[in-house]
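S.K.: Starting from the structure of chain A, add chain B where the hints point.
Here the protein sequences line up with chains A and B, keeping their order. Each residue of the first sequence is one higher than the last, beginning at 1 in the numbering used here. Each residue of the second sequence is one higher than the last, beginning at 1 in the numbering used here.
Since the hints were made in silico from the structure, they are not lab data. Where is the CB? At the ideal position from N, CA and C, for every residue including glycine. Check the hints yourself; a few may be wrong.
[Stated by the list, open to error] Covered, in the sense of this in silico footprint (three residues per stretch, anywhere, with C-beta under 8 Å from a C-beta of chain A), are these stretches of chain B:
| # | segment |
| --- | --- |
| 1 | 74-82 |
| 2 | 95-103 |
| 3 | 158-167 |
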Amino acid sequence: MSRAAAARVVVVDAGGANLGSVCYALERLGVRPDVVDAPAGLDGADRVILPGVGAAPEAMRRLQAQGLVEPLRALRAPLLGICLGMQLLYERSEEGDVECLGLLPGVVRRLTPALGVRIPHMGWNGLRAMRPSPLLDGVAEGASAYFVHSYAAPVTAATVATSEHGGLFTAMVQDGRRCGAQFHPERSAATGARILRNFLEMDC
Amino acid sequence: MLSRRIIPCLDVRDGRVVKGVRFRDHVDMGDIVELALRYRDEGADELVFYDIGASPGGRSVDHSWVERVARLIDIPFCVAGGIRDVATARRVLHAGADKVSVNSPALERPALVSELADAFGVQCVVVGIDSIREADGQWRVRTNTGDPSKTRAPGMRTLDWIVEVQRLGAGEIVLNCMDSDGVRRGYDIEQLRQARALCAVPLVASGGAGEPEHFAAAFEQADVDGALAASVFHSGAIPIPALKRFLRQREIEVRDA
Numbered sequence: 001m002s003r004a005a006a007a008r009v010v011v012v013d014a015g016g017a018n019l020g021s022v023c024y025a026l027e028r029l030g031v032r033p034d035v036v037d038a039p040a041g042l043d044g045a046d047r048v049i050l051p052g053v054g055a056a057p058e059a060m061r062r063l064q065a066q067g068l069v070e071p072l073r074a075l076r077a078p079l080l081g082i083c084l085g086m087q088l089l090y091e092r093s094e095e096g097d098v099e100c101l102g103l104l105p106g107v108v109r110r111l112t113p114a115l116g117v118r119i120p121h122m123g124w125n126g127l128r129a130m131r132p133s134p135l136l137d138g139v140a141e142g143a144s145a146y147f148v149h150s151y152a153a154p155v156t157a158a159t160v161a162t163s164e165h166g167g168l169f170t171a172m173v174q175d176g177r178r179c180g181a182q183f184h185p186e187r188s189a190a191t192g193a194r195i196l197r198n199f200l201e202m203d204c
Numbered sequence: 001m002l003s004r005r006i007i008p009c010l011d012v013r014d015g016r017v018v019k020g021v022r023f024r025d026h027v028d029m030g031d032i033v034e035l036a037l038r039y040r041d042e043g044a045d046e047l048v049f050y051d052i053g054a055s056p057g058g059r060s061v062d063h064s065w066v067e068r069v070a071r072l073i074d075i076p077f078c079v080a081g082g083i084r085d086v087a088t089a090r091r092v093l094h095a096g097a098d099k100v101s102v103n104s105p106a107l108e109r110p111a112l113v114s115e116l117a118d119a120f121g122v123q124c125v126v127v128g129i130d131s132i133r134e135a136d137g138q139w140r141v142r143t144n145t146g147d148p149s150k151t152r153a154p155g156m157r158t159l160d161w162i163v164e165v166q167r168l169g170a171g172e173i174v175l176n177c178m179d180s181d182g183v184r185r186g187y188d189i190e191q192l193r194q195a196r197a198l199c200a201v202p203l204v205a206s207g208g209a210g211e212p213e214h215f216a217a218a219f220e221q222a223d224v225d226g227a228l229a230a231s232v233f234h235s236g237a238i239p240i241p242a243l244k245r246f247l248r249q250r251e252i253e254v255r256d257a
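Looking at chain A on its own, in the form it has when it is part of the complex (with noise of 0.2 Å):
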């Protein structure tokens, strides 16, 4: 059994209708992962990962009513956030203009619509390396992911890929145990495959 297959991996659910893609690539990776829906369920966790797709206001308030946002925030294993979950990740969010969990410094914000730059940014996109990141390990420069979102996280210190969209935003993001992937890795054919399992097996 891989090292990726022995780990206990969480996915919260926080009513995202991605969740169910998401189990079902760490399937395809060889893992069986529990959903939770409360704290204790993310006792014992090796990895967790937080999807999420909807709108940033209607997650946090689902998170606070499971009692989550305090464990989240407190959380020694490595986290995982994608999509909408990787922005709640961060200080705040343009959308609604709420707090999220603050685990990564800065402000999410709306994309910018201009001429042939289309809101939802809906399709494969390129990622740019910015920094070296185990997330990236085996994932060729300028490989392609899935992204669907209208909001995105500023670039920082702690962006290991950007992407971009009428402007350069956040693809991926680590600090040490924080992680985050703005495109879904569970629709993002062999690369998404690969950063998933990658962040399975990374030291930390």
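M.R.: Chain B only, in chain A's frame:
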């Protein structure tokens, strides 16, 4: 840079992929998962599954195949057909679809678009539009086009509907130009250009693809975000890898698979 998307559309009935004139003379093309994986391997950027057992009959659709696809496929896919309320959309999305597409039910009850956007976010909500040029030169929408005996003309101008569905919360529009559909003489560039001018969300061209050149024209001349086709992919007339090589030579950004 954002790639232009190549999107095969598969007609589904009772969990099998079929082809033929919709609602008659169906030829079984095989298992939905096998065909989905084949297109994934060939480099399709996204798939649309059109459930043809749906709208005209008004019956609810068995979407159990959605989960089977979602478990194995690792590219995004959209489910169209038979979605006329939030509860059905929720079942489809929770089974693993990335987007739902609504067409006739949205024209019958436009609030459906807002309800879906409020429940799931605009990024999940695709509005499909079947459009035909009428004698006065205006494009107008059609409903229930899957069954010619049930097709209706509600009188709505296509360009007005494009504006309206964005206001309601459409996150993407698929414009099926019926005059060119199935003819393989190319996408309706003029109509797509006019739609593009009014469309701030992603726009997908549908209807008329017969040659690689047609895809290039839609991207270059109408600036669409994606191009959908069925028969040229199913028949093997245009292999997706060759199509992408062709587009790349034209300096159109496409994803390497």
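S.K.: Hint by hint, note whether the structure agrees.
M.R.: Structure-based check of all given hints:
Coverage of the segment 74-82 of chain B by chain A holds in this model, with 3 residues showing a Cβ closer than 8 Å to a Cβ of that chain against a need of three. Only residues whose C-beta sits within less than 8 Å of a C-beta in chain A count toward coverage, and the segment 95-103 of chain B has 3 of them, enough to reach three; the restraint holds. With 0 residues having a beta carbon nearer than 8 Å to a beta carbon of chain A, the segment 158-167 of chain B misses the requirement of three or more and the stated coverage is violated.
Comparing the model with each numbered hint stated earlier shows that hint 3 is the single one that does not hold.
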